[in-house]
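Going down the list, the protein sequences come from chains A and B. Under the working numbering, the residue at position 126 of the first sequence is numbered 126, and the numbers go up by one with no gaps. Under the working numbering, the residue at position 806 of the second sequence is numbered 806, and the numbers go up by one with no gaps.
Incorrect hints may appear among the rest.
As the list claims (entries may be wrong) - Below, in silico cross-link-like pairs of lysine-lysine (DSBU-like), each with a Cα-Cα straight-line distance of 35 Å or less:
no.: 1; chain 1: A; residue 1: Lys180; chain 2: B; residue 2: Lys381
no.: 2; chain 1: A; residue 1: Lys73; chain 2: A; residue 2: Lys5
no.: 3; chain 1: B; residue 1: Lys279; chain 2: B; residue 2: Lys826
no.: 4; chain 1: A; residue 1: Lys73; chain 2: A; residue 2: Lys3
no.: 5; chain 1: B; residue 1: Lys369; chain 2: B; residue 2: Lys381
no.: 6; chain 1: B; residue 1: Lys369; chain 2: A; residue 2: Lys73
no.: 7; chain 1: B; residue 1: Lys369; chain 2: B; residue 2: Lys404
no.: 8; chain 1: B; residue 1: Lys404; chain 2: B; residue 2: Lys381
no.: 9; chain 1: A; residue 1: Lys73; chain 2: B; residue 2: Lys381
As the list claims (entries may be wrong) - Cβ-Cβ distance ranges computed for the label pairs, FRET-style:
no.: 10; chain 1: B; residue 1: Arg349; chain 2: A; residue 2: Pro106; range: 14 to 24 Å
no.: 11; chain 1: A; residue 1: Thr88; chain 2: B; residue 2: Thr395; range: 56 to 66 Å
no.: 12; chain 1: A; residue 1: Met112; chain 2: B; residue 2: Ser456; range: 31 to 41 Å
no.: 13; chain 1: A; residue 1: Ser38; chain 2: B; residue 2: Ala781; range: 57 to 67 Å
These aren't lab readings, by the way, just hints derived from the structure by calculation. Owing to the predicted nature of the structure, the values given are computational and were not obtained by experimental measurement. In this text, a Cβ means the ideal position worked out from N, Cα and C, and glycines have one as well.
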Amino acid sequence: MIKYKISHTTTYEYDSPVAVCQNVLYLTPRSTPSQSCSYHRLTVRPVPTSPHRRTDYFGNTASLFSLSTGHRKLQITAHSTVEITERTLPPDASTAAWETVRDALPQNRTEMGLGDYQFCFPSPRVPILPELADYGQRSFTPHRPIVEAFRELTQRIHTDFTYDPVATNVNTTIAEAFEKKLGVCQDLAHVMIGCLRPLGLAARYVSGYLRTHQLEGRPRLVGADASHAWVSLYCGEHGWIDADPTNALLPSMEHITVAWGRDFGDVCPVSGMFVGGGSHRLSVAVDVAPVSD
Amino acid sequence: MTRVPAKPASPLANNIFGNYSSLTGAYDELLDSAGAIRPSWRPFAEAVDGLGREELSRRWQQAQEEVRENGITYNAYEDVNGNTRPWELDAIPLVISPEEWMELAVGLRQRAELLDRVLRDLFGPQTLLQRGLLPADWLFSHPGVHREFHRHGVRDSRFLHLYAVDLARAPDGRWWIAGDRTDAPLGIGYALENRVVMSRMLPKVIRECRVERLASFFIALRTTLSELASHRASPRIVILSHGPTGPNYFEDAYLARYLGYTLVEGGDLTVRDDHVFMKTLAGLLPVDVIFRRLSDEYCDPLELGGDPALGVPGLLQATRLGNVAVANSLGSSIVESPSLIPFLPRISREWMGEELLLPSSATWWCGQKQAQAEVRSRLGKVSVRAAFRVGRMETPPPESLWSKSAEELSRLIESRPRDLIGQERVSRSCSPVWRGGECVSQHVALRVFLVAAEDSYHVMPGGLVCVADSSAPLDLSVLAGDVSKDTWVLSHTPVPPVTLLSSGRHAVPLRRSGAELPSRVADNLFWLGRRLERAQNACRLLRPVVSRLTSESGSETLPDLAALVHCLAQHGLIEPGFAVEPMRSLLPTIGQVLPTSMLDATQPGSLRSMFTAAHNNAALVRDRLSLDSWRVLHRVQREFETIGDASLFGLPELLDLLNDLIGDLAAFDGLIGESMTRTPAWRFLELGRRLERSLHTIGLVQSLFAAASANDTRALEAALEVADSIMTYRSRYLAGVNLAPVLDLLLTDETNPRSLVYQLEAISEHVENLPRDESQPLRGADQRIALSMLHSARMLDLDALQEYRTATKPSALERALGRLSTQLPKLSDLIGHRYLIHADVPRQMSESRRTT
């Protein structure tokens, strides 16, 4: 078990005063079988007039607030304490054939089953593209154990893509990222989801953090000083298993899950609208440090 | 096409329906299979035969004229130039018997209740998916299903308040459902307007036939909307429109006026602390209910994305907290997608325990394997179209699929099965349509409306009929058809009069205020005032010029024209070159140039452009103008549009036009003066007008000096003519025309409604009465400048005219006028900043992107 203290600060600075703004935040870490959030506090400056929290369709905690006092600077800080317990993954070769998982998905019409099945469908930022389907199919050969194929696809994307923080922006389509084989974690996660869903599998986008300070002797992970994104795949009896194509690994103790959805659009950490303000600058700072009790 | 001639049911029928014959293969609304007029149509046939063909034609033409005068338009396909098609109404209604209607209404109510329940379930517990009555694939593939619409824990509130159904009658006489509209259905305003026009056209016929009135439907609509905010004694209800670029702005404005609600656009509303407010001159006013005409897809750019200029950021959260009610509820649009149709019969049977009473066109959703195979085996027999409608749009758009071959369609279905459906074509019935003095048979489709009432729905006893060729696929909306018809649902008993005005079950608190004026509307009224006055001034300037150019004396009267030509050039009505001496040689050219340049729609300074700009402003505030005043403006606009080739227009024709225009614009002023209540809306219209007239008068006097015609009798006379003060002058001064008395009339006479002082007095009074913060002890900048101008105009010293004037040194009077002419635009700006400037359009924050 590892306990992390996380701080995530988002700052907007404006050239002229903003009269009104409304925001939606996805900054509260979820609780999962291997993760529990023991402390969470959201601080917004200036102090908002009407903060609300709601549980969204996917079970994430969304925070909404609005400001109607003029301001030139908006700072949103989330402090969280999260405990991660190690999750033992099944040996890859022992997992079910991916077709078995695929065929069972539409059969389960319970609330939970539908909750999994919904991630089989295209979403606004991850449309169905034949080229991605082909790319994914190469790892998902007939009767291959699902986790084995999943791990290979993760590795392939990592190998084929070049991490490039300037080649893409928040509105880059997956078709473009796939064609250029460039991008950041968000692009890679979208591409990977776009490979999995055409196979009939349920794949979701996970928003979260990476441990910032690595153990000595181990390389620092890419994306450790900002928020991170990876992919989760429904693997039948083993439930949802995560994979991080940016770092070519299946996360265990160093990824902290905040929220999941069909794609980035469902779980954007900070989004909002404002009136006034002129041009604005955004800066983000994330720190994820292990603490001992 | 073979036609079955109508057998005369009575000798009278020969008159109107005599040569009428049905279309083969279609159910005929008028004639039975034996060719006799159906019993339900007999009262109509007899009544209308009593009128005779000629009288019917005459009244129909009159009715069409009225439609055009009222400016009823429908922008079916959004036109980049904002061109709108006039609404075309047929002389013959669709007549439906009471028995048939009752049966239809039961089926429609059943469907409305079912769709409402489906919505509540899909955004709630989703038992339909769990029980397998609706494939989960359908919901998860639907691009209009925003997960944000989902309500957790909210139960039993209604989604569907207003519902429209498109119907077509099959050859066997049964009505079939061709489509559902659950988002923000269009057409109730048009249905109402059709009825209004028909009742004027055939008042006696409509009474004798015992036609059910539509008012009961609108009373139910008002009741339903008020009850959405039952905690308030008199809730504030607004109509949220897509705005003038939307397809149905006319209808939005029409409904706002008829129902008595404020018409707003997204930018007029704002969410503060999770409550919705309307931005008005008097500040923010809370809004309780939003009757939306905007697709739910665009309602909240914060959570749903979409054009930030259309919606209201934060609206969704305000509805979640119950702080505002929206009708139809956000998310209602998802069940109007035609791909839902194949699942409804089973849902009704197994979930509601009853069979659907009304059949709908056989439809297959290609997202299911077996259905997809069905469609592919029937290509050519079924029409293929988009499975989902989102924001009133279908992707792929229907027209892109019409021309595709079976093979192309098959490939498309294979590549994107979930996005497509196959639907059997249902032929429409035919009905008589009045064409060229007789009835011809054409296909018709019917749109019927339902409004939530108590625990069920109230069906509008009537509807909107669209006449459209059978060759057009049925999947087109009713509103895309060319000609519309009124629908007459007959009653067995005499129909009691119902009116919306006397409908109140509760006493209505008296109101006199008009503060609920959105700033955007005030802005339009202000500019309407300015632009109309500008057009009027241009006419008044042009008229003496044209009349002198056409008179026998012709160019001999040159000196009196110099000042006017200078003034015309100042106002940008003619090329500045014309104002330069020597003018004599130029005059014939002015005569040639004037008609074309005045009527040229492409020149921004032309009279026509000026008027069009005013007409556009008026169109944006139609809900604030009386029908009569709108008609005046609309008629003038139509006259301009019919002019055609301006080069064929001579000076005499131009003079006629100017005379008419001056009369029409004066009529508008008169209507405003006598029938517009003295609310802030009226003050803004007046302010615009008075400001413009002040500028005009100052310019006229300045031109007199600039053209060195200040002492020319004929020039002074022309100036009096422009200022409509010549009669006053003659009655006051029997002697010839002199500068000082002319200037007194034009500038300082407080009793002359055309004088500068009169305008400034009015301006000052309006500015004093604009809504403002009463706690401020000092006058605002706008008040100060208005007072200062009034003061300096009152203090104008006409004796100072005697003061020596040189080319380099203007007189004291000219200096004073110069100061006023810079202060007036300043006042206009101050008013604009204080009251009228639109708040910025909200923008999206840059998203905190993963930089990893």
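Compare the structure with the hints numbered earlier in the document and write down the numbers of the violated ones, lowest to highest.
-> 1, 6, 9, 11
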